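Q: Listed below are the residues making up each chain.
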Amino acid sequence: MSRALPPPESCDSIPKLLLHNAATRGPRPAIREKDFGIWQNWTWADVLGEVRALACGLAALGLGRGDKLAIIGDNRPQLYWSMVAAQAIGAIPVPMYQDAVANELQYVLDHAEARFAVAEDQEQVDKLLEIKDRCPRLETIVFDDSRGMRNYGQAFLKGFDAVQQAGHDYDAANPGFFDNAVAAAKGADIAIMLYTSGTTGQPKGVMLTFDNVIISARNTMAWDNLSDADDIVAYLPMAWVGDNVFSMGQSYVCGFCVNCPESSATVMQDIREIGPTYFFAPPAIFENILTQVMIRMEDAGAIKRRMFHYFMSVARRVGSAILDGRPAALGDRLLYWLGNILVFAPLRNTLGFSRVRLAYTAGEAIGPEIFDFYRSLGMNLKQLYGQTEATVFITMHADGDIKADTVGPPGPGIELRIDDSGEVLYRSPGVFHGYYKNPEATSETKTADGWVHTGDAGIIDSDGHLKIIDRAKDVGRLNDGAVFAPKYLENKLKFYPHIKEVVAFGDGRDNAGCMICIDVEAVGSWAERRGIAYASYQELAAHPEVYDLIESEIAEVNRDLAKDAQLASSQIHRFLLLHKELDADDGELTRTRKVRRRFIADKYDAVIAALYSTADQAHIETEVTYEDGRKGTTQADLVIRRAAIMAGPAALDLAS
Amino acid sequence: MAVVEAAAADKILGDVLLKVDAVSLSFGGVKALAEVSFDVREQEILAIIGPNGAGKSSMLNVINGFYHPQVGEITYKGVTRRKMKPHDAASQGIARTFQNIALFRGMTTLDNIMTGRNLKMRRGLLWQALHWGPARDEEIAHREFVEHVIDFLEIQDIRRTPVGRLPYGLQKRVELGRALAAEPDLLLLDEPMAGMNVEEKEDMCRFILDVNEEFGTTIALIEHDMGVVMDISDRVVVLDYGRKIADGSPDQVRANQGVIDAYLGVSHD
Chain A
1 MSRALPPPES
11 CDSIPKLLLH
21 NAATRGPRPA
31 IREKDFGIWQ
41 NWTWADVLGE
51 VRALACGLAA
61 LGLGRGDKLA
71 IIGDNRPQLY
81 WSMVAAQAIG
91 AIPVPMYQDA
101 VANELQYVLD
111 HAEARFAVAE
121 DQEQVDKLLE
131 IKDRCPRLET
141 IVFDDSRGMR
151 NYGQAFLKGF
161 DAVQQAGHDY
171 DAANPGFFDN
181 AVAAAKGADI
191 AIMLYTSGTT
201 GQPKGVMLTF
211 DNVIISARNT
221 MAWDNLSDAD
231 DIVAYLPMAW
241 VGDNVFSMGQ
251 SYVCGFCVNC
261 PESSATVMQD
271 IREIGPTYFF
281 APPAIFENIL
291 TQVMIRMEDA
301 GAIKRRMFHY
311 FMSVARRVGS
321 AILDGRPAAL
331 GDRLLYWLGN
341 ILVFAPLRNT
351 LGFSRVRLAY
361 TAGEAIGPEI
371 FDFYRSLGMN
381 LKQLYGQTEA
391 TVFITMHADG
401 DIKADTVGPP
411 GPGIELRIDD
421 SGEVLYRSPG
431 VFHGYYKNPE
441 ATSETKTADG
451 WVHTGDAGII
461 DSDGHLKIID
471 RAKDVGRLND
481 GAVFAPKYLE
491 NKLKFYPHIK
501 EVVAFGDGRD
511 NAGCMICIDV
521 EAVGSWAERR
531 GIAYASYQEL
541 AAHPEVYDLI
551 ESEIAEVNRD
561 LAKDAQLASS
571 QIHRFLLLHK
581 ELDADDGELT
591 RTRKVRRRFI
601 ADKYDAVIAA
611 LYSTADQAHI
621 ETEVTYEDGR
631 KGTTQADLVI
641 RRAAIMAGPA
651 ALDLAS
Chain B
1001 MAVVEAAAAD
1011 KILGDVLLKV
1021 DAVSLSFGGV
1031 KALAEVSFDV
1041 REQEILAIIG
1051 PNGAGKSSML
1061 NVINGFYHPQ
1071 VGEITYKGVT
1081 RRKMKPHDAA
1091 SQGIARTFQN
1101 IALFRGMTTL
1111 DNIMTGRNLK
1121 MRRGLLWQAL
1131 HWGPARDEEI
1141 AHREFVEHVI
1151 DFLEIQDIRR
1161 TPVGRLPYGL
1171 QKRVELGRAL
1181 AAEPDLLLLD
1191 EPMAGMNVEE
1201 KEDMCRFILD
1211 VNEEFGTTIA
1221 LIEHDMGVVM
1231 DISDRVVVLD
1241 YGRKIADGSP
1251 DQVRANQGVI
1261 DAYLGVSHD
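Residue numbers (our numbering), protein chains in the order written: chain A, 1 to 656; chain B, 1001 to 1269.
Just so you know, the hints here were simulated from the structure itself, not pulled from any lab data. Since the structure is predicted, the reported quantities are computational estimates derived from the model, not experimental observations. Glycine residues also receive a C-beta, built at the ideal position from the N, C-alpha and C atoms. You can take every hint at face value.
What follows is a list of derived Cβ distance ranges for each label pair:
id : chain 1 : residue 1 : chain 2 : residue 2 : range
1  : A       : Gln538    : B       : Ala1102   : 48 to 54 Å
2  : A       : Asn174    : B       : Glu1214   : 33 to 39 Å
3  : B       : Ala1129   : A       : Glu369    : 50 to 56 Å
4  : A       : Ala584    : B       : Leu1119   : 51 to 57 Å
The task is simple: from the sequences and hints, build the whole structure.
A: Set out below in structure tokens:
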């Protein structure tokens, strides 16, 4: 198929790819945006015209080689063009998160030394105006949507159309300027700077070269058979590396069309209208969609509901096998075929996934049940693991080689290793150039021979798939020397709806133990169905039947852990259910609901000691902060239980 | 925001668009309005305020042609008249929203706003039903205008949602959309922010200011929330017991002793 051919090697920058696409697939759609209720379409030839006018206009305003152009707003064609226009004249685009508050923007603008900014609308312009005094380098702000801007008289504010108009004049007066500027770029030039939010300290500006972006895109084009017949919906922030690689790198390399939603509130409807063939979403979105499906099915009529549940059980049994081309019984295949007509295909259509050929999820661990749900529906959902410094790709599932609890083998052209501390390192064509104005951080992250520290701890399983288990700094060791990754255990347990929070211990101890907070709504409704009476969280959490429930779930997790030689010794030996929820007001969680391990270790010192003694109870007295700020103490005797420990694979080997 | 306020202060007001001259209105023995006179100037935002029962809604209904005053005259666009039907008011470019939302609850946002274009449609019922030829072209043109309104009010996500299922604040926005679809010269808003939370009020203020700025639409509004009124109006008319007790810029009105008394409740002899 000719259209799946990669572009020639000489196209080593995004603007060169634009020229190539305009020449070879000029009339094909490059980007769409839903506006005024209609999908507006720009072909590759149109995009070249827009970018050319804008690039010349920005040059006329004084944007030059090496200058930074900050970009802020939702996914809009004009903002994507701004990136390419900047690249065309040798400037470096710096997309920023559109929901960042003014002060956060100030740091990035200041650090990046941006002279120019392109803002989507009045809202973003107002934020920039608020901090403009504190960002002396910022000279010119270009705005796209002129609504509400009528009375903004400042001379440094320029309308997008006016800049393009000036660009036409500049282009006419300086023929050859644009083409020469585009030709001057090399693959090793910085293509883009992306600021990573970073859990600690100030954000860092990751510099990626054209080679990083384009070679990564070329490699993945072959890996996933991407072509210019694909369609994606660009709805994730432009400042995120993924959007850059999918909506810019891959789109320009493969020539496929990027679709911009009408507004952030209409994304789901827009996805349905476009029917993307290639789709990306973080786990939370897949989780939300699944929840909505389940809620709507509960409201459906009895026949539909039974049909749904019946065929979903068929799908769970054989759906993934059929999708992966593994053997399945003929009867099951027939049932699946029938289910596809009656349930799966209409459901995929309702969700807008009818044409999805390829879907990825990344960013966090996805619950295996959620992952399997989509795969069994016949949607080719895969996981990938990546980071900004890698130009996204580190590991990714290949078609037909999918495991719900791994993030796949290393992607094309990527080397992977795990060092002695358990940290994952990679080396690839996508490895970033460096952090902007921060050589110390660069050398800490990137070794002299090009390996990059991810900061994540992982293990490689027998199929060569990577499993991310925790942040490297949180990983410890059990006394027998085995790696202990608390977050891996906690996530595994938290996939059960009855468990809200878990804190696992094991570093420097003989075995693993954990404290669990039940999810009061899920367990509450479970208790209601069983006629278990309770008056408070504390009473519910202390109920023996609730303990039985959680114990059985821990046993399942242990059974799973036992399958993996490297994780078998992390099985949970003893656990208890806390009498209160962990709460940010009590300092136990961060505001983003992450467990504050050290604080909890201090606060629950006595309880943890009991967990590792032979006692079957722990007495606890804790201070709680009420919503109105008053403080009080609660006390309780918490029951400690043993969990079932399963035989590990090593033990099985011995037995056989 | 600061920029907008500064601009509003310098705004040069146009000619008189509507002149209310000594209008009195009574229902049996109840005098709703007594010799009220004021003008609305082109491109201004005029607020009519007053305590409950001051005659604010009656005033709007008089302008709109829904009530006919027993005494007094109204001059709109240079034409003086005492009686006008709401239908005539609408066709002459007066659109309004209502205190108690008056939308077609079973219809979608899009269809509701389309009804605002009704008076602009030239083709008859039969043509429209056939949806063919010129009628189709006409509908496409109207739909395009309506889509601009939807875009302006940022309600794309509820385009196909039946209005009855929307929260109150959004219904108010749809109602404003329907009024805007008529491309009015004078927009009457009857308590556009009643029953809204702070965020919804801020949004609504933004829209009112934007309508005024972008389309140059003259706006007369009734509002209870004094903070809102003072922020967005160019001029304020204060009614109390059917009488006009003050008329001027927000600052002048705020300092007016009569207004303070009316709001704090001084006994009337």
